[in-house]
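Asker: Below, each chain spelled out in residue letters.
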Amino acid sequence: MLERFRGKLPSGVLSRRDLLRLSAAGVVGGSASGWLEGLAAQTAGHPARRRSCILLWMSGGPSQLETFDPKPDHENGGPVKAIETSVQGIRVSEYLPRLARSMDDMAIVRSMNTKEGDHTRATYMMRTGYLPQGPVHYPTLGSLLSKKLGQGDAELPNFVSIAPFKAISPGAFEAGFLGPQFAPLDVGQGQFPGGPPAPDDAARQLQVDNLGRPGDVTGEQFNARLALLSDLERGFSGGHPGGPPQSHQAAYEQAVRMMRGDARTAFQLEAEPPALRDAYGRNGFGQGCLLARRLIERGVPFVEVSLNSVAGNQFFGWDTHANNFESVKRLTEVLDPGWATLMSDLKARGLLDSTLIVWMGEFGRTPRINGNQGRDHYPAAWSSVLAGGGIRGGQVVGRTGADGMRVEERPVAVADLLATVCLSLGIDPMEQNMSNVGRPIRIVSPDAKPIRELLA
Amino acid sequence: MRVHWRLPVVCLVLNMAFAPGARAQQVAPDDVQTLADAIDRFIAARWNEGGVQPAPAANDEEFLRRAYLDVAGRIPMVSEARKFLDDPAPNKRRALVDRLVDGPAYVRHFTNVWRKVLLSEAENSFQVRFLVPGFEAWLTKQLAERVPYDRMVRELLTAPRDRQQLFNNPGQAEPAPGAFYEAKEQKPENLGAATARLFLGLRVECAQCHDHPFGHWKREDFWRNAAFFSASEARAEQGAFDALREAFDRAELDIPGTEQVVEARFLDGAAPEWRFRVAPRQLLADWITSRDNPYFARAAVNRMWAWFFGTGLVDPPDDFDVHNPPSHPELLDELARQFAAHDYDVRFVIRAIAASRAYQLKSTLTHPSQEDPRVFARMSPRGLSGEQLFDSLVLATGYREPPGNRNPFDFYGNSPRREFLTRFADQVEGPTQWQTSILQALTLMNGQLTSDATSLDRSEILVAVAECPLLDTTGRIETLFLAALSRRPRPEETERLAAYVESGGPHHNATAALADVFWALLNSSEFLFNH
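Protein sequences, first through last, are from chains A and B. First residue of the first sequence: 1, per our numbering; consecutive thereafter. First residue of the second sequence: 1, per our numbering; consecutive thereafter.
Some hints here could point you the wrong way.
[What the hints assert, rightly or not] Calculated lysine to aspartate or glutamate pairs in the EDC-like style (CA-CA distance at most 16 Å, straight line):
#, chain 1, residue 1, chain 2, residue 2
1, A, 166, B, 123
2, A, 71, A, 403
3, B, 83, B, 61
4, B, 92, B, 80
5, A, 166, B, 61
6, B, 116, B, 429
7, B, 92, B, 61
8, A, 166, A, 186
9, A, 166, B, 429
No wet-lab data here; the hints were simulated from the structure. Please read all numbers here as calculations on a predicted model, not as lab measurements.
Construct the complete structure from the given sequences, taking the supplied hints into account.
Answerer: Encoded structure:
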């Protein structure tokens with residue numbers, strides 16, 4: 001890294017840009033995190049314990065009224081009833097029976113209050129913590145967090161994204177100014193209308209592109225090719241030390257390691273008992289959650305699983321502008337078993353305590369039901385959920401009114417939520433990264449007010 | 001070449017016939033060479049100051065590939081490579097660059113390059129991506145018609161902001177410079193900041209909310225600059241776009257979140273000379289592109305320098321600031337002066353850069369003093385853009401693109417080209433700091449393009465090379481090297497690889513072994529980088 005600082009002025013004075021870079025790298029001057037730094041240190045827990053995070057991304061904006069903030073006593077609540085959970089006093093929609101039993105490990109934030117109602121911008125904002133702003137390429141949450149949580153020499157990449165549907169907001173799924181070494185490894189393609197693949201295809205879809213040799217290339221031949229390549233590279237890198245050729249070789253080495261090593265087996269879902277695969281649900285999301293558990297087990301610190309479509313729904317994800325109730329029912333029939341099994345599976349393996357699960361979409365849906373029995377975009381009052389390790393489960397943060405239209409208590413902005421996520425993982429949200437416009441940018445916006453009640 | 005003895009007489013006669021009034025023809029000064037020499041003088045001066053030892057000169061093979069990639073956006077075809085390498089003419093490098101700069105590949109490549117500079121929002125937004133073809137149509141026209149740079153910028157700055165027209169452009173086929181405004185969301189603050197950064201190399205964004213911590217921009221300066229782009233929206237009927245109405249002359253803006261209204265003023269503090277019915281943007285365009293504006297030409301030539309060397313004389317190139325001085329201030333000044341003197345002809349500057357000794361240095365590191373990219377003592381290895389890489393791979397492998405591969409409205413990344421461009425997107429740190437990702441490595445090793453090019457059934461080029469009766473093993477290897485790396489193999493490479501091919505590799509099949517050699521070439525750093 002320090003080679004970059006050779007571009008000094010003739011007089012030996014560091015340019016302003018160098019100063020900022022050195023400062024961001026912690027080499028010059030002190031950390032600028034202030035009071036949150038102390039909080040981060042407290043919540044880090046035992047330093048040796050490696051933490052992981054799973055983001056369950058609900059494309060389209062899930063309705064809070066049919067999930068975590070039911071209003072059965074108001075006409076806005078529609079026909080959906082509320083059910084008791086394993087925590088007294090907390091009720092959720094009847095569509096989530098299995099999750100209801102895991103409420104001790106979950107904390108619901110009912111007072112999400114953001115301002116973006118456009119899919120592209122809201123997705124970007126929720127996934128990066130910032131609104132799209134001119135030339136700055138903000139990194140997605142997975143890149144920001146895996147940079148802090150990950151190990152440099154791991155066999156598997158530190159950030160895996162399962163079935164992302166990027167088209168709706170292409171900038172929101174990338175490493176941005178952090179650079180491609182923090183880019184996600186994408187597994188499977190996010191589906192758009194037309195439903196998910198048939199059940200037995202779900203596993204085949206969840207593969208890393210190009211991880212396997214082409215069918216007509218044998219192992220021997222592949223090794224021979226690598227040997228030829230190695231000769232060519234030796235010749236070239238001798239005269240060109242460092243820089244792009246060095247990164248090229250490192251990436252190839254890692255890629256080959258992934259091709260050959262245990263890493264490949266991570267994606268072999270057939271190794272799991274059929275009964276467990278059934279419990280997760282034989283669909284893209286369910287099997288994606290299973291894959292996430294396998295990756296977490298193997299030390300991948302950040303995995304995201306997107307729920308973009310289910311059989312029978314004709315539109316994008318949770319974007320239920322029409323026929324809301326039936327559509328959400330189909331979505332929750334996939335969500336409930338998948339997520340609940342993920343949590344119980346992680347718990348059974350002793351991993352839940354060190355794994356934070358974040359559940360959210362880009363916004364919620366209108367409490368008032370529209371003319372098509374649907375709900376439209378609604379960022380003013382909606383729900384997100386944090387579960388697992390690093391947070392105190394079994395509670396609700398914030399409250400919406402009887403009609404669900406407004407947040408009445410403890411409004412939570414995106415920065416507040418993301419700062420809470422950072423702290424529960426032992427990461428200082430005020431830490432800076434150098435952006436592509438020469439300005440250092442904090443992981444989370446400095447006006448964040450983390451939800452202290454949630455931190456363990 | 002034998003000169004006929006009559007030739008000089010004929011020349012003189014013709015000369016007298018076609019040059020009325022001129023007794024003897026003056027040799028036109030070679031301005032390109034003059035500027036190239038100036039570049040080298042200034043670069044060498046700094047070497048001498050710092051005791052820097054420059055790398056040796058690049059050989060023909062290295063120059064060939066580099067020039068094609070930088071000017072035409074792709075590697076040369078085998079036939080083009082052979083032609084250049086076997087040409088004995090002493091001035092062939094100049095001639096090559098002249099040819100490339102005047103060709104269609106230049107227009108295609110630089111349409112891409114300028115679009116990425118001017119419409120960078122397309123990476124993150126569907127709406128903007130939709131407008132890319134219309135914007136590129138405008139850029140192509142500017143480049144093909146050799147519109148001087150200052151006129152191109154003036155046209156852009158005074159383009160109509162008719163949103164209805166922008167979206168009612170079937171197939172986005174009509175030139176649409178207005179996309180620039182739409183990409184910045186029509187917001188004055190975005191437009192003011194973008195135009196300052198792109199055309200003057202000035203970063204004023206920080207001052208949007210507070211006084212700039214390092215520079216001297218105050219918040220008010222930012223908003224006064226933005227005011228040139230203020231427009232009021234007139235509500236349109238259902239379904240149509242709101243029309244934007246701009247002031248006829250004097251432009252003003254309300255600073256959001258305050259009660260303050262500011263009148264437009266240039267960034268140097270001068271007040272515009274408002275004239276009736278002369279649009280504010282016209283005045284701004286005149287000020288930006290004025291010969292008296294110290295930043296306009298400098299920012300432009302600095303950008304060109306960064307394209308060809310990977311690092312600008314001012315680096316980063318859009319941050320001209322007292323705290324970020326140029327590495328070679330007199331060189332920057334001279335380039336700017338000559339650019340303006342030659343009618344803001346971008347091709348002229350490119351030709352001069354390519355003719356300089358500095359551009360034609362090897363990229364190998366032969367002395368530690370060459371490590372600092374800002375002394376330009378060797379050419380820094382640079383990553384290729386996704387377009388350069390894909391187009392080069394297509395050429396090297398003879399890959400036949402499926403129909404619709406270049407469909408500009410392919411948003412879901414379904415075509416091989418679109419997938420490739422996403423996988424190999426431009427990196428924010430710039431090409432000299434290129435980082436290869438695991439997915440990129442996997443794509444190059446096992447992906448469709450490579451596997452088709454190296455498969456015995458599917459690769460036309462491989463079959464052609466393997467079965468050509470005029471080639472022996474050495475010849476076959478040479479052809480693959482020329483196709484992928486634009487050079488002939490060195491004797492030790494030929495020896496080693498010919499032995500491998502003739503042994504047949506693990507499958508005892510010479511063609512399969514040839515495919516292995518081709519695979520290695522396509523996955524090498526030498527192929528993947530511009531060096």
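Asker: With a cut-off of 16 Å on the C-alpha distance, tell me whether residue 166 (chain A) and residue 123 (chain B) pass.
Answerer: With Cα atoms ~12 Å apart, residue 166 (chain A) and residue 123 (chain B) stay inside 16 Å; holds.
Asker: Under the criterion that the straight-line Cα-Cα distance not exceed 16 Å, is the pair residue 116 (chain B), residue 429 (chain B) satisfied?
Answerer: Measuring from Cα to Cα gives roughly 15 Å; hence the hint holds.
Asker: Tell me if the straight-line CA distance from residue 71 (chain A) to residue 403 (chain A) falls inside 16 Å.
Answerer: holds, 7 Å
Asker: Holds or violated: residue 92 (chain B) with residue 80 (chain B), Cα cutoff 16 Å?
Answerer: holds, 13 Å
Asker: Between residue 166 (chain A) and residue 61 (chain B), is the straight-line Cα distance small enough, at 16 Å or below?
Answerer: Status violated; Cα separation ~41 Å.
Asker: Hint check: residue 83 (chain B) vs residue 61 (chain B), CA-CA at most 16 Å. Holds or violated?
Answerer: Distance of about 11 Å is within 16 Å: holds.
Asker: So if I understand the rule, the pair passes when the alpha-carbon distance is 16 Å or less; does residue 92 (chain B) with residue 61 (chain B) pass?
Answerer: holds, 12 Å
Asker: When you check the alpha-carbon spacing of residue 166 (chain A) and residue 429 (chain B), does it fall within 16 Å?
Answerer: Outside the cut-off at roughly 23 Å; violated.
Asker: Under the criterion that the straight-line Cα-Cα distance not exceed 16 Å, is the pair residue 166 (chain A), residue 186 (chain A) satisfied?
Answerer: holds, 10 Å
Violated hints, in rising order: 5, 9; the structure is consistent with all others.
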